[in-house]
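Engineer: Kindly generate the complete structure, drawing on both the sequences and the hints.
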Amino acid sequence: MFTGIVEELGEVVSLEPAGTAGEAVLLTVRGPLVSSDAGHGDSIAVNGVCLTVVGRGEGTFTADVMKESLDRSSLGSLAPGSPVNLERATPADGRLGGHIVQGHVDGTARLLSRNPGDNWDVLRFSLPAELSRYVVEKGSITVDGTSLTVSAVSEPGATEEFFEVSLIPETLRATTLGALTTGATVNLEVDVVAKYVERIAAVSAAERA
1 MFTGIVEELG EVVSLEPAGT AGEAVLLTVR GPLVSSDAGH GDSIAVNGVC
51 LTVVGRGEGT FTADVMKESL DRSSLGSLAP GSPVNLERAT PADGRLGGHI
101 VQGHVDGTAR LLSRNPGDNW DVLRFSLPAE LSRYVVEKGS ITVDGTSLTV
151 SAVSEPGATE EFFEVSLIPE TLRATTLGAL TTGATVNLEV DVVAKYVERI
201 AAVSAAERA
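Residue numbers (UniProt numbering): 1 to 209.
Simulated from the structure, these hints should not be mistaken for lab results.
Be aware that one or more of the hints could be misleading.
Said to hold, decoys possible - Heads up, simulated DSBU-like pairs for lysine-lysine below, C-alpha to C-alpha not over 35 Å straight-line: (1) K67 with K195; (2) K195 with K138; (3) K138 with K67.
Claimed, not checked - Each pair of labels, with its calculated beta carbon distance range: (4) N115 with A201: 19 to 27 Å; (5) P83 with E137: 23 to 31 Å; (6) N115 with G59: 33 to 41 Å.
Model, not experiment: these values are computed from the prediction.
All C-beta atoms in this analysis are idealised placements derived from N, C-alpha and C, irrespective of residue type, glycine included.
Structural biologist: Written out as structure tokens, the structure is:
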């Protein structure tokens with residue numbers, strides 16, 4: 001489990017084809033902080049995707065990325081030199097500084113616009129229709145592994161559904177979101193609590209029917 005509090009801004013070193021059909025990749029990332037105590041089998045979130053460490057070098061770690069992860073996230077578009085948000089798994093006695101994040105990407109979104117301000121930037125992202133019911137104003141959402149509070153959301157049934165987040169200078173400095181350009185694709189993970197509530201409500205309704 002993660003909290004969506006990015007520990008380090010890392011950099012992709014290489015992506016090497018793996019597997020018999022070359023559908024998977026072996027991803028090597030430079031991140032001196034998160035790799036400093038990484039062991040084989042440890043979990044590190046890369047742009048919000050939970051990956052398993054299979055090797056470690058001097059200030060780097062390597063992880064297998066399977067086709068499912070490449071298809072459902074933006075990791076397939078990475079290249080050597082790409083910046084990435086990194087976070088180690090949260091220890092049981094650690095602080096929950098953001099919100100409960102599993103590292104299981106629910107979908108992707110595009111940056112529609114960014115409005116710079118004196119003390120924060122407002123970023124507007126597209127919102128996939130299948131995820132819109134889980135996103136509410138003042139609720140939590142994970143964007144490229146960063147725990148954020150939704151500052152605005154489109155009305156249900158809008159022609160183009162979207163959500164907005166307001167980013168403080170520290171978030172702009174310490175994550176990839178500071179340099180994100182319009183049209184860029186990001187990974188989304190909605191609040192898992194909302195999905196559990198929906199499932200429990202659906203089962204209860206079915207039992208009463």
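Engineer: Range first: 23 to 31 Å. Now tell me if the beta carbons of P83 and E137 are that far apart.
Structural biologist: With a Cβ separation near 29 Å, P83 and E137 satisfy 23 to 31 Å, so the hint holds.
Engineer: When you take the CB atoms of N115 and G59, is the distance between them in 33 to 41 Å?
Structural biologist: The hint (33 to 41 Å, Cβ to Cβ) holds, given that N115 and G59 are roughly 36 Å apart.
Engineer: The hint says 19 to 27 Å between N115 and A201; measuring C-beta to C-beta, is that right?
Structural biologist: violated (36 Å)
Engineer: Are K138 and K67 close enough, with their CA atoms no more than 35 Å apart?
Structural biologist: Holds. K138 to K67 sits at ~34 Å (cutoff 35 Å).
Engineer: Do the alpha carbons of K67 and K195 lie within 35 Å of each other, as the hint requires?
Structural biologist: holds (25 Å)
Engineer: Taking only the CA atoms, is the gap from K195 to K138 under or equal to 35 Å?
Structural biologist: OK: K195 and K138 at ~17 Å, within 35 Å.
Of the hints listed earlier, the one the structure fails to meet is number 4.
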